[in-house]
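A.B. asks: Residues per chain, in single letters:
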Amino acid sequence: MIVLIGGFILVIIGIWAMLAKKNIIRIIIGFSIVDTGIHLIIVALGYVKGATAPIIDTAVKMQSSVSTGMKLVTKVVDPVPSALVLTAIVIGLAVTALMLSFTIRLFKVHGSLNIDDYEELKW
Amino acid sequence: MIKYLLIIVAVIGMAFMFYPLVEEYSVATGLNDLANTYVYGSVKDLNMPNTVTAVVVTYRGLDTLGEVTVLFLATAGVGFLLRRKRKNSETRRHGSEILQTGAAFMSPLIILLGVYIFSHGHLSPGGGFQGGVVIASGILLLVLARVDFKFSHGIIHFSESLSGVGYVIMGVLGLLLLGVSSFLDPRYLPMGEYLYLFSSGAVPVIYSFIGLKVGSELSSVIDSMQAGGCDQ
Amino acid sequence: MPDILALILLLLLSIIAAVYAIYTKRTLSAVIASGIISLSASIIFLIYGAPDVAMTEATIGAGLTTVVFLYALKQTKGGDDD
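Residue numbers (the working numbering), protein chains in the order written: chain A, 1 to 123; chain B, 1 to 232; chain C, 1 to 82.
In case anyone wonders, no lab produced these hints; they're calculated from the structure.
In this text, all values refer to a predicted model and were calculated from it rather than measured experimentally.
Don't be surprised by glycine CBs; every beta carbon is placed ideally from N, CA and C.
Hints should not be assumed to be uniformly reliable.
Unchecked claim - Below 27 Å or equal to it, Euclidean Cα-Cα: the simulated DSSO-like pairs (lysine-lysine) are: (1) A/Lys-71 with B/Lys-44; (2) A/Lys-75 with A/Lys-61; (3) A/Lys-75 with B/Lys-44; (4) A/Lys-49 with C/Lys-77; (5) A/Lys-75 with C/Lys-25; (6) B/Lys-44 with A/Lys-21; (7) A/Lys-21 with C/Lys-77; (8) C/Lys-74 with A/Lys-21; (9) B/Lys-3 with A/Lys-122; (10) A/Lys-22 with C/Lys-25; (11) B/Lys-44 with A/Lys-22; (12) B/Lys-3 with C/Lys-74; (13) A/Lys-108 with C/Lys-74; (14) C/Lys-77 with A/Lys-22; (15) A/Lys-21 with C/Lys-25; (16) B/Lys-44 with A/Lys-61.
Unchecked claim - According to the in silico footprint, chain A covers these stretches of chain C (three or more CB under 8 Å from chain A): (17) 4-14; (18) 19-33; (19) 38-45; (20) 55-62.
Said to hold, decoys possible - Across the chosen pairs, the derived CB separations fall in these ranges: (21) C/Arg-26 with A/Ile-5: 41 to 49 Å; (22) C/Tyr-20 with B/Glu-97: 45 to 53 Å; (23) C/Arg-26 with B/Leu-195: 44 to 52 Å; (24) B/Val-205 with A/Glu-120: 48 to 56 Å.
This is chain A alone, in the form it adopts within the complex (with noise of 0.2 Å):
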């Protein structure tokens, strides 16, 4: 629950960065800063009480019967959140890094990094 709470906060403060401020490279800071928040509370979703990580080694008891097979005993936290934001923490640093080229290439051409100077597509 704190963790959801801690994450939309964090979603929040970011949202404000991006919003508010005027160097490029603040607005892509706040962007990472709400990637953090978001993998937070996708991971609080996947969260069972009590629970231990889902490798099952000899650290998770289990127990085998005739009739239903094998049952774990010791809980386990939910497996597929976990991997979705597996995968989300490495594209998320490719697509901060093409946004940092993008920076670079504007910085090299108009040498600016205020995102006041750039006013092509204003109208």
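We have chain A already, so just place chains B and C on it with the hints.
C.D. replies: Using the frame of chain A, we list chains B and C on its own:
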């Protein structure tokens, strides 16, 4: 100021959208049906302790293939935007003596740790994405320490293409050997014994290909960002 | 639950680092602060039973993202801080 007023309205609207999710949330006390199927199926059908790897490689394998494609496209974009215009004659500062000696000692060990992580991804926490990232950080240490570190683009492009093609071939082999609707099914190799390295079919091979691909792509991202398309 | 104190401290650390990353004058400090956010998030993932995610977030968020930002800062030297 009217701009700040609009921003505050936007942020409050965002918070209002998040509010129902927080209000209706309660900590789960057990797994839902989908997660139960995945956890038990990973142990029974695939002979694999790490259920996260089972979801990433097998149950959501097509998803992972798409993610690797997105990673490739983003890397290609970085390389295109920051391509080198002329001969790179920028004078970089040498790393200090401690950094150079430490890098020569540490970076082979870091790369070895990365290979260990992605080859044991079906047994312990870890896997292709984590191992590839560790390999990229080992190469980053070399790039930081040595000015004359020549980054062989031929080897990087070769390993990147090889691992991408290998990943798709391992998927298509499942389609050929096991029948229709079994793309990326790893059960055509022997399943082995539980908790041993050579077990759970083709999963270690596929995850090693993913690890090589992620490592080489992130290394080329770091190299492009370091050069920065300088043209002086 | 004894972990709740650690969770509160880590979340407070990350929120303070986020506010600092927005309102500090120097962009370099903002980049370092965003690395702190990722590091505390990785410890939260470890407490919440997701060690795979914790490994990835620690290596990428605190290591590679910071370095990529620093390279971009080096390339755009002379741009105005705000």
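A.B. asks: Output the indices of the hints that this structure fails to meet, ascending.
C.D. replies: 4, 5, 6, 11, 12, 21, 22
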